[in-house]
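Using the hints provided, position chain B relative to the given structure of chain A.
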Amino acid sequence: MKIILVCSAGMSTSMLVQKMRKAAESKGVAATIDATSEADLGNHLDSTNVILIGPQVRYLASKIKTKAEPHGIQVDIINPMYYGTMNGEKVLEQAQGLLEG
Amino acid sequence: MSKVMQVMEEKFMPIAGRIGSQRHLVAIRDGFIMIMPLIIVGSLAVLINNFPSEAFQNFMIGLFGEQWKSVGGNIWNGSFAILGLLVAASISYKLASSYEVDGLSAALISVASLIILTPVTKDWGISYEWTGAQGLFVAVIMALVVTELFRVLIKSKLTINMPEGVPEGVVKSFKALLPAMIILILVGLLQALLTVLGNTSLHQIVFESIQKPLQSLSNSLPTAIIIAFLNHLLWFFGLHGTNIIEPFMESMYLPLIEKNQSLFAAGTSAFDVPYIVTKPFFDSYVYIGGSGATLSLILAIFIVVKSAHYRSIAKLSSPAGLFNINEPVLFGLPIVLNPVMFIPFILVPIVLTITSYFAISLGFVPKTVAMIPWSTPPFISGYLVSGGSWLGVVLQIINFTIATLIYLPFIKAADFVQMKNLNKVG
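Chains A and B, in that order, give the protein sequences.
Using my numbering, you'd call the opening residue of the first sequence number 1 and step up by one each time.
Using my numbering, you'd call the opening residue of the second sequence number 1 and step up by one each time.
Only chain B is shown next, with the shape it has when bound in the complex:
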């Protein structure tokens, strides 16, 4: 065991670390984090519009008239529905800033490029079909490529330099002029070529060939198990697993929750929307109290453990644990690199992924239709992500109980060892 762990620590963890600090992946992750407030507001707007309580619906209609839902719909149009545009700007900004070139210029050029590539409707409108999650892959790739081009160009000699004494704002805008021109011409050419040659758009091509196949793969149980496993393996070695896999999670799973949500907004029941596995699926049903469902571990400690150290860690960790923040348990207990805790810490999330998947796929519990902050406390989160269903809370309680039962024997064993060592010292 210790030999395996040593090999992992020496060979696998540095790779994970490199992924976690890779410039483009970090820019993607931070870009998604930047737009999260808008996404969550858009999501809550839909949730309120479709809140499954007749009394509430009647109350709102009585108060504001039949049109009350248009406010939420408008918010959705300005947030979730333009997800691709938003994230192209934020990723571009973050990537450019990491190179210490002008982030805002890069972001503006990225948005412009993305719009060039986005199909136009018959009455000369930007097609909402592609500005949202369906165009997410193109948005992310576009932001990276355009920003790289921008960086190379702006650091080259192909810029217009102003004489001294010209205000900085003017200098900046002129400096970005030639790079912007070159990039937009290239993107415009690409779009023209696609139209002439195939009467298609980059969006169409990327969606059909990459995004769609990946989406159905993402929604499968094996993929969900692999994600849960990888996340917890990383955490076991003390690395921020959720953080490291975040760029992949968001790119793969945001389109799924968007689809669920837009159908839910259009009146489909949360049971009948298509996707089972989403980010809220993991956040609410698997990571109860943080990675490893450690809120259950805390309960298990209060039930059976005598050691003062474990009990004090459990006490210290409970308040933050209610908001799914669990570093104190992970590092303080510790779970990190603790051979006794390895099995339950990996096993619990996998089991919870399986129970949640089947509870939803067999139609006992509605699918997830809302994106809420990952720090939303358990039991409230289950109610919200399921579109306001108590069944979501029931699933969380069942999962919480299962996790506690799995942790009990292991923490008892760890406690036994701890007490024995103490007695020896004593």
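Isolated chain A, as found in the complex:
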């Protein structure tokens, strides 16, 4: 499973990425998780399964969806509270839920 997190510069989401990687490791989930800026997202569309958008750039959701959905990528906005508390486990669950649902 490949998950990409998007925020404006890819900086604050990269903090969450580390937490999610830890969560994935302890749960034994095989996942590649990365953060990127919105501008660079185009280079990451291949082989990605889930794109999660930082709540502060949630206005980009519809634009990103039209780009990503033809690739069969699930797109969602990260729950603001999980984002703020940098809860890697919950956000990982959110991503898993998207793939199952």
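I should point out that these hints are in silico values taken from the structure, not numbers from a laboratory.
Since the model is a prediction, treat every value here as computed from it, not as a measurement.
Only pairs whose alpha carbons sit at most 27 angstroms apart, straight line, appear in this in silico DSSO-like list of lysine-lysine:
1. Lys2(A) <-> Lys67(A)
2. Lys22(A) <-> Lys315(B)
3. Lys315(B) <-> Lys90(A)
4. Lys27(A) <-> Lys315(B)
5. Lys19(A) <-> Lys306(B)
6. Lys67(A) <-> Lys90(A)
7. Lys155(B) <-> Lys65(A)
8. Lys65(A) <-> Lys11(B)
9. Lys67(A) <-> Lys175(B)
10. Lys67(A) <-> Lys155(B)
11. Lys155(B) <-> Lys63(A)
12. Lys19(A) <-> Lys315(B)
13. Lys212(B) <-> Lys122(B)
14. Lys63(A) <-> Lys11(B)
Using the frame of chain A, we list chain B on its own:
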């Protein structure tokens, strides 16, 4: 209060969202982001050349001779001094890519068009006067117009198509041929008309009629307050304010810091350069620890707050906060949509804008003369943006203290409510 917030969320925020995702504005913003590394290198070159330490200057002269500054000057010529050309290429590239047409072709045609419009010096040189920030508006407008034309033309039937089996590179270059020709002829005609009719250039016209008036407006205290207010209002509703207003910020304020910097490079003291309000002004003196000067809020939490939740958020947020990244505080505390935090979160930046403005305008603190990454930690950033002055750090410390004092009663109140709720549940 909650009714006002609901109306804002329903009416105002979608508009902000549309601005934040509008194709041309996004291209402008991303274009500026792309050239930022060059701009920052150019800026550091000037800063090092003019570092206000006699020991350092003597050391460099002793080591490399009197000419050591020419390296920094050369770097400046290749970065800040051709800002307009660089950004025309990057905006054009980004805009074309967003339409999924060939970005590099569009960028090349944009640069060519901009050069056509740029005045030529007597000895047949491109005029540096207009390739930099002074020609920024024309560069941005030109990039947008040329790229739109390019897109329309390349998607029309006016292209030369190659038979199958011809290599893709050849196909691409021929495909761009007719659009390039049409665009360059149009721009060339425009330039000829301007020369014949008014003996002027588009640069001159746009600079005098739009850019110059906007620049003096940008440098005023009311404008600075409005920017601080808008940014934080957007953030309060959980939208990336800095990101949304970025295209306007860069177009309006890059010319100001460029002017300050080029004068500083020429030997003017940082006190005597013209512009007070610049992007580094906001980044270093107002957004201490990120929008809302939340590094002060973190300190305030450590001082007076008991609630475990607030303390853990403060702890979690401190490392990133030192680099002015503060989403954890904004969303985790939360500040976003939290009525108790609304007043200090909006008030602090406005107060800091005012104190910084007067500290500089009254001549206590030098003006900003360097463009550094916005993620440069506070207190280091104050020293650098002021051209290597401790007074910049002093202003940051004063602002940091003021912000902490404003946050204290509010976070205490929020803590009180939080603890009471906990006790009730308990």
